[in-house]
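Engineer: Protein chains in written order, with the working numbering: chain A, 1 to 601; chain C, 602 to 886.
Just so you know, the hints here were simulated from the structure itself, not pulled from any lab data.
One thing to keep in mind: the hints can contain errors.
Dumping the calculated DSSO-like pairs for lysine-lysine here, alpha-carbon to alpha-carbon at most 30 Å [as the list claims (entries may be wrong)]:
id, chain 1, residue 1, chain 2, residue 2
1, A, Lys219, C, Lys688
2, A, Lys326, C, Lys688
3, A, Lys323, C, Lys688
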Amino acid sequence: METPAAQVLPSRANALGSASMIGSALPFLVLLLIGLLFPLFGGGYWGLIATRACVYWVLVSGLNLVVGFAGQIAIGWVALLTLGAYTTSVLAAGNVLPELSPYLALAIAAVVGAVFGLIIGLPALRLRTFYFAITTLGFATIVTQVALAWQSVTGGGVGVAGPIFPEPFSSQWGFYYFCFGLAAICTWMTGNVAASRFGRALTAIRDSEVAAEASGISKPALLGPVFLFSGAVAAVAGGLFASLQSYITPDAFTLDLSILFFIAILIGGRGSILGPLLGTILLTVLPEFAAPLVAWSTFLYAVLLLVIVLAMPGGIAEILDFKNRKPLESGRAIVPRPELLARLLGAPANAGALTLEQLAVSFGGVRAIDNLDLEIRPGQVHGLIGPNGSGKTTTLNVISGYYAQQHGAVRLNGVALPVFARHRRAQMRIARTFQTPRLVGSASVLQNVMIGGTIDGEGTFVESLLSLPRHRRDEIMLRDTAMLALAAVGLERLAAVRADRLQHSELRFTEIARALMLRPAYLLLDEPAAGLSAEEIGRLGALVVEIARAGTGVLLVEHHADLIFDICHHVTVLNLGRMLAAGTPAEIRSHREVVNAYLGG
Amino acid sequence: MVASIVLSGVAIGCIYALIGITYNVMFSASRVFSFTAGTLGMLGGVLGSLFISRMGLPIAVGFLLALAGGAALGVVTEIVAVRPVLKSLDQHLYVLSTLALALIVQQFTAIEWGTDARPFPRLFDLAHGVFDQQFWLPMLACLVVIVGLELLYRHTLVGHAFLAIAEDNFAARALGLPERGLRIASYALAGVIGALAGFAGGEMLLAFFGNAPMLTFYGFVPVALGGMGNNRGAVVAGLLLGLFQQAANFLVGGIFASVAVFTVFILVLLARPEGLAGAALPRRV
């Protein structure tokens, strides 16, 4: 079954991976070198600026995962800087407890920051974008007010002295190297996360939460560790900030600072590490070149934000993305290689049948589905056809947990599927595609497909953060499987291309590849042929037939009657939510009512 | 004592409710929440103080100019920060663009007007104590706006058109309604209401650039709790917020009053993300 070409594939993927990895690490190495040698050519004042840039980046690197990757609009992250600064300073000064070593104080601040990062972040799981932005804004004002009021601990408006780190970090350059070291570690850690299944899952939540859920990504389980990490590094940055300032008062922590952090990420570009790093350096250094403009700096940042949002949403990262500027070859054809499917999908797991029993769903007074019975068997293609509004997609959405039925049940091997609980569908190996393809436009095709295998990774968030062996094994496994899936649907040549550069038909096949990553027992396809050419529809049909032959049960919602009759084992016809007919393609084709209502004379 | 808590609570609650209505009017026209709502309130106070105290214009002229300033910012919001990103609502770019515009206006005010809170002129010299104008002006403004909006929406053709757009944008456009013109008009109206809130509450809040983020937050609380686009809900929730805040102010002190407001806000939202009076929207797949 396996062709020689197929065996070559994974190693080619690895070569591709390591070559691009060296290329993408180069700017970081240059920055590392500049940072290490900086004391040789920087004067005293520039040392201060460079230290400040490092401190800011420690915070921004963590916030970047929240804002740039997960797409959560957290404006008030300065609250965590404030919290870390005060915790470190107060503990090191001995205002409450006996004096602690500044390192211990910094570590405790990190823990406090992690807890508060989670508390500030939690509303993001329930609230809409603007609501979350407002709550972080509220939090930022509250923390400053508490710092002002709690005089016995924080010193109120008078303030408190920042911690002083002992030798060798007490001198200016010593402290610079301390901050620079932490900044470098943060860059490395967030870079690891960005290149892990967690980083990809975050971008999936940002750009298409629905697709993320269908791939089994649970938002709370994913965002929890991210908020903990982001809060911890923000608080560490606060401790460093307090030491750098040597004395802190509540008015050191203005909302302007928060805006700077936030805008640094957007200027840098969402979903990038290098972009926000450059953005942070830029925004820290910029006011120094234009001393008269210092008072106007926040005004200018705001103007910059508006310009970025309206004219250049991709930020610096998009400007630096040279390899995606090359034109793609035109007239490229999608040539699936169904023979690879057996290897990709493995031995068919005997999942039992997926059945709908007397299913009824209504919206308000409208019966969208009325008393529908349907059985999808492993290894068969089940067609679902009917005019617009007949309840086809609604049926699919009930199976994948978006709508709740009022009556009846969806059973997998006799066990009722829980209502809602969308991300659990993936664990049951039920995969789906969407009527309009839902992909992460700024990620590569390969990364998009890898998102489909997120739940098969074994490493934890911490293991990815530190690039431990299990994380690296996961990555190799996901990359190889995704290349295989791409080869199976005929898109492996586009693996490295940004998904938003693809043609419509290529997006559809990419979605199928992503769904195949789950090694689905059941695959739900929502109008996969819409917008495809006749030739592509033929290839799609052959692919679907082979997917079923590998043991997967397929539910095919379609308008193209020819495709349905060509490849389905069984067809159900819906009209106004009711089952009009069910049977083999031959029976349906001669069913008088169906011909009258739907197929036409 | 109780009387003064209730009075100041209702008065400040009216200001929050008016900012909430400002959010709502913009939201109804465009499905967009704008960070400039609080900025409009701040601007009403600053412009009032600028025109009347500093430039010595007659009160009526200063009042109208302040409202005109609010309307202008409303229109600018629509043109600069809302219209360009309406096509991609699902990307939530409006959060960023309106935030940017709000910051631009706020920082400009901070630099040109100064970062100190300046007094707002006393408009009438009628009574002090319980019947002081600083209490009844916001109440009057709130009443006028509610009644005015009710009359506008129920009894005029333009008002019907506003409602049609709020209900179903596409259907309204298909009917041939000038959707863009109505949206600009809505934003101008929202600007007037926001500036009116800041002007009427000027004596309480003073002419201070820092009112912008404060009002942006406290003005959104009534919207979130009262339900999006629901003006009556906003008024009820605004008054409750004002009373709660003033009572907490008196009982536990100013700082912890804001902590209390914030905590209650978060807890209520987590329990009912659609607000106390709102209905959950179904998700689109």
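Engineer: Hint by hint, say whether it matches the structure.
Structural biologist: Comparing the hints with the structure gives:
no.	hint	result
1	A:Lys219 with C:Lys688	holds (27 Å)
2	A:Lys326 with C:Lys688	holds (28 Å)
3	A:Lys323 with C:Lys688	holds (28 Å)
Against the hints set out earlier in the document, no violation occurs for any number.
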